[in-house]
Amino acid sequence: MTLAERQAELVRCLVAGGPMPDGFDAERLGATRKALLRKRSGEVRQAWPALAASYGERWDEVFTAWAEGKPPLGSLIDGHDFALEHPPSGAAGVELMVYEVGRRKAPAFQYRHRVLAVNIAGRVRVFGRVP
Amino acid sequence: MSLQGLGMGWRPEIAGFVAGLPGLGFVEVIAESLPPQGLPWTLADLRDRDVAIVPHGVRLSLGGAEPVSAKRVARLADAAELTGAPLVSEHIAFVRAGGLEAGHLLPLPRSWEAVHATVANVRRTKDELPVPIALEPIAALFDWPDDELTEAQFVTEILERTDALLLLDVANIYANAINRNLDPVSTLDGWPLERLAYVHIAGGRMSGGLYHDTHTDPVPRAVLDLLPAVKPPAVLLERDGDYPTGAELLAELDAIAAAAGFEEVT
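The listed protein sequences correspond, in order, to chains A and B.
Per this note's numbering, the very first residue in the first sequence carries number 7; after that it's consecutive.
Per this note's numbering, the very first residue in the second sequence carries number 3; after that it's consecutive.
Be aware that a few hints might be false.
Partial selection, computed: residues in chain B whose CB lies under 8 angstroms from chain A [to be verified]:
id, residue
1, Phe96
2, Ala119
3, Ala122
4, Ile140
5, Leu143
6, Asp149
7, Glu150
8, Thr152
9, Ala154
10, Glu240
I should point out that these hints are in silico values taken from the structure, not numbers from a laboratory.
Nothing here was measured: the structure is a model prediction, and the numbers come from that model.
Glycine is no exception: its CB is placed at the ideal position from the N, C-alpha and C atoms.
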């Protein structure tokens with residue numbers, strides 16, 4: 007195997023649920039896989055603070071269980087994909103609305119749970135009682 | 003111009019704290035985090051005060067088997083121009099392969115094949131850079147099964163063939179020694195310290211029987227104790243999250259200065 011093939015096999019094992027490459031210490035690769043997931047979960051917590059806070063101390067556990075085997079796409083996208091599969095409510099729901107409305111071409115709006123998020127000229131405003 | 007004294011990793015979350023350090027020798031900024039249109043004003047202010055700024059790349063993947071991306075190299079060169087940097091730094095590692103991003107620095111097999119691949123990428127990068135480059139060996143929780151060289155030999159071969167400088171991270175030295183069941187001080191033998199540009203230091207902690215180089219925990223005493231053996235001209239503290247209070251960071255910087263034999267700067 008070339009170096010390129012071996013590096014690709016190792017990355018697949020570490021972030022995409024690929025098989026363990028020959029000759030490596032399985033326990034150490036497992037620890038590395040876990041460390042990468044924990045780092046990723048911290049980065050998503052920074053990009054999506056309300057989403058992470060809605061899980062409290064369980065965030066790391068819940069996010070890493072979901073992200074296991076899914077290659078990282080960056081904290082913003084990872085958090086968004088997680089939120090789409092785990093629709094949040096409360097402040098985390100508003101955070102998701104602001105993100106989605108902000109990405110659309112202005113003027114755009116979204117109304118959910120008695121909160122209205124409006125994108126006017128690229129700036130998102132939120133109306134209603136934000137939890 | 004060479005780096006001197008105590009430095010701190012500049013991060014947006016602690017920008018004001020870093021700017022307020024009276025004896026600050028230099029800062030490092032994550033090269034990929036710099037907006038291409040210009041420096042954030044707190045960094046521009048440091049540059050105007052003649053505090054050296056070192057762009058620190060984390061995504062070039064110099065140890066990747068594939069040629070380094072010309073676009074990424076151009077951005078690192080732009081970052082050097084923008085900051086007026088005396089040098090830039092990157093890692094002896096790879097971060098992507100086969101179209102997948104690992105999201106972190108991964109270790110290379112310490113083989114001749116990896117030496118040649120890394121040397122080719124460092125040369126491609128150096129050709130485009132306006133300033134010298136320092137290369138940092140990383141901390142890893144595992145080794146490849148077919149290592150032919152020790153870490154010191156592997157790094158020496160790469161630095162000598164590319165005439166690059168050394169960025170030695172004493173926390174990485176500590177982490178790798180502990181995780182390989184070696185005495186940290188003894189693993190300092192054989193490193194090309196004559197090429198040393200500066201030293202990194204960072205915190206970490208034991209978890210699951212392994213030392214994790216987290217950058218989000220305090221710097222352990224045993225890591226500080228490696229500084230006198232290295233006698234660095236310049237040391238930079240990296241902190242990447244779970245930021246403590248300003249007072250705690252100051253105490254940590256003072257402890258680093260004392261261990262490195264610098265005057266207290268805070």
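**Asked** Does the nearest C-beta of chain A fall within a distance shorter than 8 angstroms of the C-beta of Ala119/B?
**Response** Check passed: Cβ of Ala119/B comes within 6 angstroms of chain A, closer than 8 angstroms.
**Message:** Under 8 angstroms is the threshold here; is the Cβ of Leu143/B close enough to any Cβ of chain A for the hint to stand?
**Reply:** At about 5 angstroms, which falls below the 8 angstroms cut-off, the nearest Cβ of chain A leaves the hint on Leu143/B intact, so it holds.
**Message:** Let's test the interface hint: is any C-beta of chain A closer than 8 angstroms to that of Ala122/B?
**Reply:** 11 angstroms, violated
**Request:** Using Cβ atoms only, decide whether Glu150/B comes closer than 8 angstroms to chain A, and label the hint accordingly.
**Result:** 13 angstroms, violated
**Request:** May I ask you to test the interface hint for Thr152/B with respect to chain A, counting a Cβ-Cβ separation under 8 angstroms as satisfied?
**Result:** 18 angstroms, violated
**Status of the hint placing Ile140/B at chain A (closest C-beta pair under 8 angstroms)** = Nearest chain A Cβ about 12 angstroms off; hint violated.
**Asked** Was the hint right that Ala154/B lines chain A, CB cutoff 8 angstroms?
**Response** 21 angstroms, violated
**Request:** Let me know if the C-beta of Glu240/B comes in closer than 8 angstroms to any C-beta of chain A, holds or violated.
**Result:** 14 angstroms, violated
**Status of the Phe96/B interface restraint (C-beta, 8 angstroms, chain A)** = 6 angstroms, holds
**Message:** Hint Asp149/B vs chain A: min CB-CB distance below 8 angstroms?
**Reply:** 11 angstroms, violated
The structure does not agree with the numbered hints 3, 4, 6, 7, 8, 9, 10 stated previously, though it agrees with the rest.
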